[in-house]
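Asker: What follows is the residue order along each chain.
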Amino acid sequence: MTVRISNDAVAIACGADAVAAAFAAAGVEVERVSSWGMHWMEPLVDIDGVGYGQVSADQVPSILKGDAESIGRIEDHPFIAKQNRLTFARAGKTRPTSLDDYYASGGWLGLGQARAIGAEATIETIMASGLRGRGGAGFPAGIKWRTVADAAADQKYIVCNADEGDSGTFADRMVMEGDPFMLIEGMAIAGFAVGASKAYIYIRSEYPHAIAKMEDAIRLSAHLIAPFVVEVRVGAGAYICGEETSLLNSLEGKRGEVRAKPPLPALEGLFGKPTVVNNVLTLAAVPWILAHGGEAYAAYGMGRSKGTMPVQLAGNVKHGGLFEVAFGITLGELVNDIGGGTASGRPVRCVQVGGPLGAYIPPAQFDLPFDYEAFAAADALIGHAGITVFDDSVDMAQMARFAMEFCAIESCGKCTPCRLGSTRGVETIDQIIAGNNVDANLALLADLAETMKFGSLCAMGGFTPYPVMSAIKLFPEDFNR
Amino acid sequence: MTSIADIVAEHAHREGPLLPILHDVQKAFGHVSEDAMRDIAQALNLTRAEVYGVVSFYHDFRKEAEARPILKLCRAEACKARGVDALVPIAEGQSRVKVEAVYCLGMCSVGPAALVGDQVIARLDQARLSSLLEAM
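Chains as they are written, first to last, in the numbering used here: chain A, 4 to 484; chain B, 5 to 140.
Excised from the complex, chain B in its bound form (with noise of 0.2 Å):
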């Protein structure tokens, strides 16, 4: 099991750590805890009050667990011209997935869109959300 103190010493020769270094806890435990960041803090000289400044920034890193598989559904401009509100919904009418809005996936001319960790979907339809989800 890799540790904080492993991930902060691969990323502290290099300029500006703390975003990779949190990108990578977050990928190894699924958020940042406070644990984490008192450590993060330690380890980069910094205090505590400036990891978790950085950690609440980011729309990208939780502060708690989340148990349940997330998909991210584009909620942007152009997702909504090809009609993504007629699909909250379906996302919303069940609780087994964290669905959660994303802000594009530059899939503009093919939306609407959605992130399942590092797959995209485009084209979805109720009928294809309906069955991404259940296959979540």
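Here chain A stands alone, though its shape is the one from the complex (with noise of 0.2 Å):
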């Protein structure tokens, strides 16, 4: 018999700890794996391939007995069946940190590959895959690369964008905490392709399990991938250090402060050097793409957006987790059917992709499917592809005010529109609430937006206005009562 349940974050928090510690207690050999990605399922125990839900420790006696009810076999529960896992394949299945388990379950072929086939054949297959940042700009990964590999330099350098802040998104996470070894042959490979040596991983510092786990698998594999090497860093608690030229001056020790581009980061990044700059996911993904050939991942999805997307399901939803599925699938289907729609039970009132950044979208644009050109024809933005369901007891007056005071925080104070437009954005609106000259104030608020949106120079200032505006337009009664 064996008993696997979670070390990720997500598990430990919801007391996974003390379920595994109740396992040893009766003489159960106990296996820490990656989490399956069913959160709302969490503390869930694997036996064999069976699962039981939300256990706590006092219920172990009676599941050892036979006696306590399961969900059945994991890999059919609808939930996992339904999923495209690529970069997710060992979710649930294997140790984090286990070489072992790495090496049985496919790893390293991606590597391997590459240097078989070379560098430039490594792009083209980057390129032929059609795999875009994962980040929120959705840039080709290949452009960019061939971008840096075509760059003259002493020096060059990868750097893995773990700065994951973006509220309802937890992927990275994820990938950090649970295949950090898959990340690291994704960095390897990129290194190899573009010729950069040294590979740095910022990891925001609200992920200490994921710092852990990355460092200690960085030490475990330094041998797979020498002469390459990767390091971690570690974050000090500013969301706008997830802006890739912000990101950059914080590995150097400034404040994070964003820079003008150009130039840009694949030119001139990480102390001058040419630098690919990626986020988590994207790199994640690339070892599979190597390992399978990039028609094999560009056979999923729709349009541009090939291959698939960690979805992630969050806030006020009944069945929270990661969903990896190929582009193309419909918002409604996956707040829906997926997710079982909210937590509360009451009505679905809107939600939010793409983080704090990202517009609110209203069920009646439930169509809409999951595809970086449909998104942004409907003023929305895939962004890291997070959802976070809001049920009808939502204030959007209120998120809307958040909206601008969370800008109003973590601006890096570089230009004006966002710096102190933030700020304005919070009085008026404010204002507004309070029920003082509300048509002129929206008018004013609206004038705001544009110039935030037009003005920034990055997205925090030039997105913040998506969520404000999306939440007047699509809830004008919040604002007007």
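Do not rely on the hints blindly, as some may be mistaken.
As the list claims (entries may be wrong) - Below, computed lysine-lysine pairings styled on DSS-like, alpha-carbon distance capped at 30 Å:
| id | chain 1 | residue 1 | chain 2 | residue 2 |
| --- | --- | --- | --- | --- |
| 1 | B | Lys31 | A | Lys257 |
| 2 | A | Lys276 | B | Lys102 |
| 3 | B | Lys31 | A | Lys201 |
| 4 | A | Lys309 | A | Lys201 |
FYI, nobody ran anything at the bench for these hints, they're computed from the structure.
The task is to assemble the complex, starting from two chains supplied on their own in separate frames and drawing on the hints.
Answerer: What follows is the structure, encoded as structure tokens:
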């Protein structure tokens, strides 16, 4: 009998350690594995493939006796069976920092293939896969790699952006905590392809479990990726450092202020050297693409959105967790069919896709397919593919106010529209909430939003207007009581 | 007892050593004092203003010591959707623990969530938060 319990931070935060200790006390050996991503079930106990959800330590004796009710085979559960798990193929199955488990589940095949076909063909494979940056901008990864590869320099860098600050997202954290060798392999392939000898992975300090697992995994696999070297750097609580140029300044030991582009980081990045800055999910997709071929990856998805996206179902959702699926699935399928609607049981009022800078989307638009271009056309963004669900008790004026407040707290201060506009935005929304000159203040707010949108240096100030203005447009009744 | 000089020496060979140094100084002393900033600036050949600018930019670094235990409560959108705002009166109704806002712990499917040291706690409700605060 093999008992598997996740040691992902979500499982631990929901009490998995006590459950594992109870099994151990009963004389049963427990394997601590990655999370299946069915977060509403955590702590989820997997006994030879059969699952028991929301287990507490006092239920362990009845599970061992066979008296407890199971959810059946985990792999057959609709939440898992409906996914296209490429990046998360190992989720729930392997011990995160076990090299044996990683080898046995196809680990290092991608790096071996890259070394066999050479750097140029590796970039070609990424080009053919259609892989686009998963951090939010959706820029083709192959073109970025080609740019860095073609740049002449004595030193080049790979920088993995693991500053996953968007509320509603946790896929990067799950990769780092659940499959850290895969990310290291992705970085090593990128380094090989572009001629970089050193990688930094910039992890936010709010993720202590991810930092610990990545450091362990880097130590255990150093000999396999040598002479390529990976080093963890820990952020310091600044949301803006998820913006790539701010991240580079932070890595250099400076204030995390945004840089003007050009120059592009691909040509003048970390310490002025050509640098690939890729999100965790982008690099984590790379080993699969190399092992299976670019065309195999491109066979998933729709239009120019190729492959799969690890969608994160978050907030007030019944079945929250990680759902990796080919692009093209509709928002409604994700929220209602997969997510099961709200956790509170009340009607869904809206969802926010893409984190704090993403627009609010109402159920009337749930036929929107998950596709970069379709979202852009609807004035929304996929971002890092986090979907935060709200029920009908949400006060959208307060959410709009929070969007501005968050921007004011987290603005790096470099450009005026973002630094001052966010604070003026909070004040103006406060006037609206108080009922003072509502129409005039709404007009003023719309004007301010335009200024921020077109005048800000980066997406922080440039996209904060999206949640604000979408809330006003969709739910005017919340702003004029 | 670790000294600032020891910490600086440990990281001085690294590229861009300032943030790792500041993290270790804060871990060892609980904050980054004016004196520490002066010593770090001198060791790295930076101005005190440059070091101060970095310390004051990042939410993690504190310039003054905090005697109380610290709980970081996530106040971002996903935890708001799951009702964290109803827990704020409980956090504010006591003063023994310093409760700070944090924006996302990656627990967005099982919030409201909090961070105490390196320990993450999810599915908080009023009762769980109260007992958590009392136990700190």
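Asker: None of the hints should be skipped; say for each whether it holds.
Answerer: We went through each hint and held it up to the structure:
no. : hint                : result
1   : B/Lys31 - A/Lys257  : holds (20 Å)
2   : A/Lys276 - B/Lys102 : violated (42 Å)
3   : B/Lys31 - A/Lys201  : holds (27 Å)
4   : A/Lys309 - A/Lys201 : holds (29 Å)
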